[in-house]
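Novice: Please assemble the complex out of the two chains, which come individually in their own frames, going by the hints.
Listed below, chain by chain, are the residues.
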Amino acid sequence: MNAKNRGLLDRGMRCSVSAGGVGVILLVCAILVFLIAEAVPLALPARVGETSIQSIPGGLGVALRVDEHRTFAAGITPSGVLRVVRLEDGGVELEHDFFSKSTPLSAGGLRVLPGAPDEAFVAATNDGRALLAQLDWPVRFEGSTRVVTPQLGRVSLFVLDPSGGALGALAVRSDEGRTTAVSARQDGSLIHHVESVEENPFSGERTQSSERRLLSSRGRTLTHLVLDPDQRILYGASVGGELLWWDLQSSGRDPAEVVESTGSPVSALALLTGGRALAVGREDGGVAIWFRTQPTEFAHRLAPVRKLPHQAAPIVRLAPAQRDRKFLAYDANGYASIYFSTSNRLLWQGRAPLDAVAAAIAPKGDAIVFAGTDRVAEVLLEAPHPEAGFASYFQRVWYEGFEAPGHIWQSSGGSDDFESKLGLVPLISGTLKGAFYSLLFAVPLGLLGAMYTSQFMHPRLQRIVKPTIETMASLPSVVLGFIAGLWLAPRLEANFTGFLALILWLPAAVTCAGLIWTRFPRSLRNALPDGAEVGWFGLFLFAGLWASFASGPLLAGYLFDGNFQDWIYAATNTRYDQRNAVVVGIAMGFAVIPIIFSIAEDAFSNVPRNLVAGSLALGANRWETVIRVILPTASPAVFSAVMIGLGRAVGETMIVLMAAGNTPITDWNVLNGFRTLAANIAVEIPEAPHGATLYRTLFLTAVLLFGLTFFINTAAEVVRQSLRKRYARL
Amino acid sequence: MTVARRRFMGEMMSWFTASSVALLLLLIVGLLGLIAWNGVAHFWPRGLIEFELTDGSRLAGELHESNDGAFGSGARMRIKTGNRDFTGSDFRWIPESEIALRENPKDLFLMERAEWGVFIGRITGLQKDGQPLARSPEEIGDTLPALLASKRAERERVEDFERRQIGDVNVAIEALRLRERALARADLPGDQKKQRLAVIEEELSVQIAHYEELAGALDRMRRALAAETLVIENVEGREKVIPAADVIRVLKPNEMGWRERFGVFASRGIEFLTDEPRESNTEGGVFPAIFGTVMMVLLMSVAVTPFGIIAAVYLREYAKEDFVVQLVRIAVNNLAGVPSIVFGVFGLGFFVYLMGGNIDRLFYSDALPSPTFGTGGILWGSLTLALLTVPVVIVATEEGLAAVPRAVREGSRALGATQFETLWRIVLPAAGPGILTGLVLAIGRAAGEVAPLMIVGVVKLAPSLPVDHHFPFVHLERKFMHLGFHIFDVGFQSPNVEAAKPLVFATALLLVGLVLLMNLTGIITRERLRRRYRTSAV
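Read top to bottom, the protein sequences are chains A and W.
Under our numbering, the residues of the first sequence are numbered 1 to 730, in order.
Under our numbering, the residues of the second sequence are numbered 1001 to 1538, in order.
The set of hints was computed from the structure by calculation and includes no laboratory data.
Even glycine gets a Cβ: it sits at the ideal position worked out from N, Cα and C.
Any given hint might turn out to be false.
Stated by the list, open to error - Calculated from the model, a selection of chain W residues having no Cβ within reach of chain A, i.e. all distances over 10 Å: (1) Thr1017; (2) Leu1023; (3) Ser1089; (4) Ser1136; (5) Glu1236; (6) Met1295; (7) Ala1407.
Stated by the list, open to error - As a list, the in silico BS3-like pairs of lysine-lysine whose alpha-carbon atoms are at most 30 Å apart: (8) Lys1106(W) x Lys1128(W); (9) Lys1128(W) x Lys1194(W); (10) Lys1320(W) x Lys4(A); (11) Lys307(A) x Lys364(A); (12) Lys1320(W) x Lys1128(W); (13) Lys1460(W) x Lys725(A).
Unchecked claim - Using C-beta positions, here's what the derived DEER-type ranges look like: (14) Leu152(A) x Ala1182(W): 58 to 66 Å; (15) Glu1096(W) x Ala570(A): 24 to 32 Å; (16) Leu1063(W) x Cys29(A): 33 to 41 Å.
Isolated chain W (complex conformation) (with noise of 0.2 Å):
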């Protein structure tokens, strides 16, 4: 072969392997750009477009999707219209071809409702128990903000007041249930145990009645709260009549400039991150997901550090060179290695059914057959992620440990210190960069994790947080909301998929945002003290 020809050829395949480079590069930014772009265009307030078709009907909606109709099927438009009570659907896909008309009237409203979804149309009358108080559309549009406040805050008190008075006595009753039943249960003496029974039967009956007053301010307060309603209209005309309370916000898209629009961006990014969510999941926030996300995430912080940095400082510190290191430094590379649905098989059988069933046994057994610790919850899910994680702690704090100068510990060591007070003094303060990173690592590896938790302890939906004001505060039996189950959840099991992905782009925008600030924070640190090693390493 020629000098030139092999010279050719070589050139020939690195432009392949750039091109891998490239391709790699591309689909990344693709892939985060993709999620980024809808995740971010869930929250825009798109402008609304009615339609008139060829024949004769008429529909608003948003335009989300456009086909030129290179596939065959003609160019076609997908269309979210909303008005699921009307039409069963929220995205309807209409062909070019039968559109008549097509405009942007100004007035055309875009309501976000508490049930049903989104709603398109125009708000012809407003009414307090049936009797009109507004006529004129300017009226109506004049009025209107004060009242959807007011109703909204009035809204928020009664939910207050269920979750909190009512709750709180449901907790009581709950309680008192159970005292009963140990006590049925008790080894007493026959007058003994009945006179007891009879004292708490007595409390029972106080709160039962106490229940019931709630229950009626309640039912007065729900009553109060629909006595103003709307009419509202889709395009065609069709009419429908709804309490002002179900009403979360109203905007007029095509009225409104750059300035407004960014402030409903605005308005609607806080409620995904600080609301409850509505709709089995498909609208509203995921307050609950982040709130337990977190927690879980930190409780298996303070199960796994200790146990990672004392494997890391026996190992690094401790133990020589020998058989039995190499064995932890293979059981640690496995660990790493195994797949985490074996560690969600593991947790289910030794966390929860073994562990949970056993203290269920031995402190909850008057609630038995229901179980406490012995179902899913956040204490098991986090302590199964502990495990998980611990090999990314033991590496990154050996790592750590590493970077800490021979020098230094021989100084210590030469001045009459134990190895104890060396390592606890100089050694493992000056690792402390380093056993952060694992712990920043872990997180990220954590937060992202979602497989094990379906089996040990995730929700679709938990009814409480697992930290409230009820005695003891932190409730680590819970089952709770996680962003990636979410993600799943609502992306594969939920009814509506297609009105609810947009809202699935923003969770994942989220926990895809969380996960990789994490792992950069803790690439970074490492990349740092790699280089403080380098320099260091006399």
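Just chain A, with the same shape it has in the complex (with noise of 0.2 Å):
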């Protein structure tokens, strides 16, 4: 090769070796930025697309129905006329007159409902009647292309009140058997209509069946009303602002509760799915979520859950989103806003393209769809993670069916209308939790091991101690979490006793040994090695450790009457858990041990000889300087070796898996399981869906995770470089 080629080579390599170096950083960063970028998508708010506008004469009235391909949307005109029409070109599809022959409509035409349930229709004439009709949406394939027929499904008509007055509010809910109506009256009574049908199972003969009672609205006008979906409990609201409720099965007081209400008049109402929240919506703008909640036993209350972001002008309509809590808010002056009821968020808020007398979220929450007199909008709307937010994950939600506001992370659950709970508190302290209690078993132990190993140990010991205590680091931690959890913890179960037994003998045993060893000749003493002193102790270490564990049962019935578990849930009402914070400290606490151990036996062995020896000469004896000398010097790396401990700990996934139980709660009770961030990944990472909010979620714990560890080692590395220029100077 000539010298041309060499250089060239010699160059070309210098430039590829430096890219290498420096595509470790980017190695890093890439891991930081694409674990971000994983997770950002959940801070972004609701973006809407395109928005198209077809005309539609005679409208489609107040109620609003889409399918779930968004190929129609339907509704009902005043003049009792169900129309379905193409969202593509406004073409009509399907039109039906409920009162064209036998049943005419008399003068005023209908009251459509606005807020009805699911895919029906429910209006109220002018003459007492109740009407309830069912839209389905039956989908086929032809070869490839999805063709969606609209057809009308059980229509009834009846009769609610048969005194033929007007009906004020109105709620009517329906399914299989059983069709439950109730209707104010003028008067300030509310009939309460059911209608059952029964078949019996042997003959299919089908039995009707109706009932009908007067329910009480203790003299309040009602404006709206609200059937659950059980048709079991109604809410109602007043021309005053309040909010009534009844438990239409229960014969108890009636309504079973008024909520006062400071604010203004209630004017809009809804369920939101699931079936338990009320958005109420007001004609100050308010929003506001209530729900039932269950103080005591026997005793319900209507309670304001959360107050959503304000709205300028009356709301209007209130349209409930079919698939998760999001839901639609129309002001008086044009203006749509999304929210979500668990993460208390406005996912948008913008100007409706057309006068709307009707709006609804598409049920895919894929679109907004508007129908004004004569028009219908459809906006796009794209809002992936609405149940993220920092709300949810780091502050108290006060979630469907609980009591009381809380942090609770429970990601999934059996049901479609189930809402996700993504709070990570417990998570970050079941994470601190176990962390905490290791670092309590391993510092202790590493620090004073390391400080003997380099202190007072011969070097012959010293290099067999040193590796072996070191190799540990790299015993496999699912090897740890399988012993921790099928072998030391059910033997901890059955002998807590024995266990606790060991705050008493081994410091015992500690004396004992120290005692008999101080009372050898010193001829003997000074014949072996330094650091043998270590196996007398081990000797005596194994006996306290054999005796702890013997005298547990004898200790357990003299003192917790025969067994710990019973005896600390009576005395303080604490459940033992089998695999719980002791069982994860000590196995976690023995990972962690040989890196405290190493990195604290490096500083202390590299404490300037010099400054040793002043001690002693100066007339400190060896634990004095110790104390004194070598544990400020090397303070420190003892602090390093402790955040390096730390974030080990922090991110531990195997053990933490098999040996603490994951239950994700809450508390700092030693004798409680719980789930750390990682373990969280590592269990529920599996059932994600790539891209859908819980994946994203776990994606930001990672995050988490990398920043906490990232803080975590940057300290320890900038206290260990000044540390190393502390020795460089002394």
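Specialist: Structure below.
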């Protein structure tokens, strides 16, 4: 090779090697950037896409339904005509007049309810009749093209008020065999009407029965009524702005409760998916969520759970989404807002593209549909992660069915209308709890051990002991977790008193061993290498361990009436989990000890010898030298050792996964299990669909873990660097 | 304070530090001893005990644990009774107070079976197609070993047939189906498409006919395999007929001497290392897990070595001590401290979904929506672990490079070699042991790591190894089994944890042995290097 080529090669290699070096920084950055990029969409607000407007002569009325694939929009006009139009071009697909022939509509027309449940339309006539019309959207495939055909399902038109007066506020719900309708009358009473069809399972014979009774509203004039999906709880709002509710199956107070409202009159009322959360919109633009809670065993209360961001004008319509806790609020100024109840978020707000009389969120949550008097508009909506948000991750959230706000992690549930609970606080506290208890075990043992090994042990023994302990850092954590979860945990449960007895027995064993050791003739002690006493103490410790566990049952008999678990439950009402923080503390402590030991040992043995010699020459004994000279000099390394140990404990996965029971609860009780961020990722990410909120939330927790360990390790490293400089000066 | 008192206080404190070291060593020895003892005990044939209880019932089994009654529940024993098909569980606690009679009959058998686990009892008959082959116990004892050996060979032939012949046809059919789908999607003139589809259809029908033929043959072989049956009976006289081919091993532990027991111990050990798992991993061997672990670690080494070496060479040989180098060091340090599960999450998002998803769209679009690389696999697992272990290799290589004396470098440069030539011819060869140490330590770390792999490709039971005789022979997209995950899965997610625990101890022993061996090798070479560095740094 000639000189020129050699030079070229040299320069080329210099460039590529440097690129490789810088690549390491880029790699770390890339990991962090990638993790963050996956989590960022959680924080983005909802976006609206293109708007398409079609004109529809005659309009759709105030109730609006859209099918799952956004092919059609449907509504009932005040003249009693059901109209289904194509969203694509506004063409009419289906028209049906309910009142053409047999049952003509009296003057004044039909009052259609804007907020009716599911796929049904509800309307009231002027002469005391109620109309319930089900609309179905069967889907079939022709080849690979999807065809949706709107179909009018069950229609029932029944007399609700026999006196023939106009119906006031009205609520109707219907399922398989039962229809419940409740309507307010002019005189303040309510008519409760139930129609049920029972089918004899053998003969197939159907018997129809109906029942009607009056409910009282205690003199309130009701403006809105809503029934829950079980047709059991009826909610109402009065002109005065009060909220009322009735339990239709109980014969108790009637109504069960009237909540005095300080706010302005209720102008819209709707139940969100799941049937528990009541969204209330008011004249003054306020939007709030209320639930029934159960403060005592027999009493229910309707409680204001959360206030959502306020609007400037009266809320005219509330339209809940069908699949999650999203809902749309439309105000008198023509502004629409999309809220998410659980996360207390206003996802999007904007002006409706037309003067709407009706608004709805499409079933998949991918569009908002507005209907005006003669036009319909579809606005594409993209709100992929409404459940996320600072409030739902880190603040107390009052979930449906709970008595008080809390930090809860429960990412998935059995039913479709499950409200996912993404509180990260239990996981963070679990992470810190695990790390705390393991450091409680590891720090004293690791530091004291390092001190002895570095200062008092003969180098020959040191050369065996040090690598032995350090090698333990590489012990697979899955093995430690297995031993902790399946060997240690059951034994500890069977003999917890024995474990408690260690507090007594181990110091006793050490003192005993020490006292005997000092009685040995000096000649014998001097003949042994420094550090041989470890074996002596080991012998006594072993005896102490044995004595503790052997005396456990006896002590349990004296102190805890035979069984520690029963005793502690009776005394403090704490349940003993088999897989608890003690088990994890020991196992994870064991994993952390080698790290703390190794760093501390290095620092202690690198303390400049002249300092030690000076101290000894001035008459301090070896222990005083350790405490007064070595420990202060090496204290930054002690800090850094503990920090790095903490970093390892925070990120450890398998031990916690196998030995901590994985219950996401927030408490610091050492006898309970817990779940850490790392274990949570391992448990949940295999089930999390790519790109879903849970998946991104788990990425967020990974970023948290990365950030936490990054901070801890950098702090430890900076401290160590300063120590190195200090040693160099001494 | 008097001098004596000061000295006494000092003494006392040093006792506690000494005790800490003692406790640490005790814990280490205790833990390793626990794993080793239980892991080895799994293979050792224990004696069988037959009990008669006070209520008149009888049972037999191996004694696994006895409790002296200190826990207030009375003295009791845990007996492995086996016979899961009769009793539903493998273990039983019996209180010592209920034992009326206890004996060690010599004629009691322990039988390991392919299904239902261990059987403990007696063999009362040997039949072929319902006709007895042997009658008296002596006759059975004489014919049994030869029969079992021949059935075992036959079973292996059948399994081999199933895996090879039928597996080949399945692969061929699968390939044809994929071609068919690709063609259906392809942009071709109608008649040309039809013509080609017809060709594929024809090939497909040939293959399917072949498959059916083979399946018929397999069915005949299976029936022949099940022709010989054993009549077995538990100690209470309950009988069951099982195919002789289902028997893996039969022994009479109470009759065996030390040498024979050791033979069984060795053969069980070999089975553990070389056989496939049975009964959803709770019995049999862990060969696929060993294979998966080793292959994953090798792939990881291939990925991590160049990257780690280049970064270390940059830090030691090329970079000047400036801000960038400090940043790189901080980056490396942090990389070493990032929790392994975070690497798993990154691997899932980046390798599996982003890279794998794109590879699938580009090269395996015919198989979509079922993913090829877009799901966890051995390649992604090893790349994820390569990221995890890069700092280990960097640090060790740096040490190795630092151990090469300056004088050698300067000598080389003085003789006119360029920096790269010096590096390539002089420094890197001299740093070889250091690099190797790093690699060994990285392998030790990777072999024990489970959490990230659980996310990016390890499975409980992989249907096939990542290497086989089908083109392209090495299947990097396949999911794999891993020793560490085997421990987690069998210990915590299997339906019969109690029965599987001894096996998990054996796996744990294997894994700990492997990892500690790797690390000790690494640490010892590193110590040697350090010493050489001390003496050679002039």
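Novice: Enumerate the violated hints, using their earlier numbering and listing them in ascending order.
Specialist: Numbers 1, 2, 9, 12, 13, 14 and 16, in rising order.
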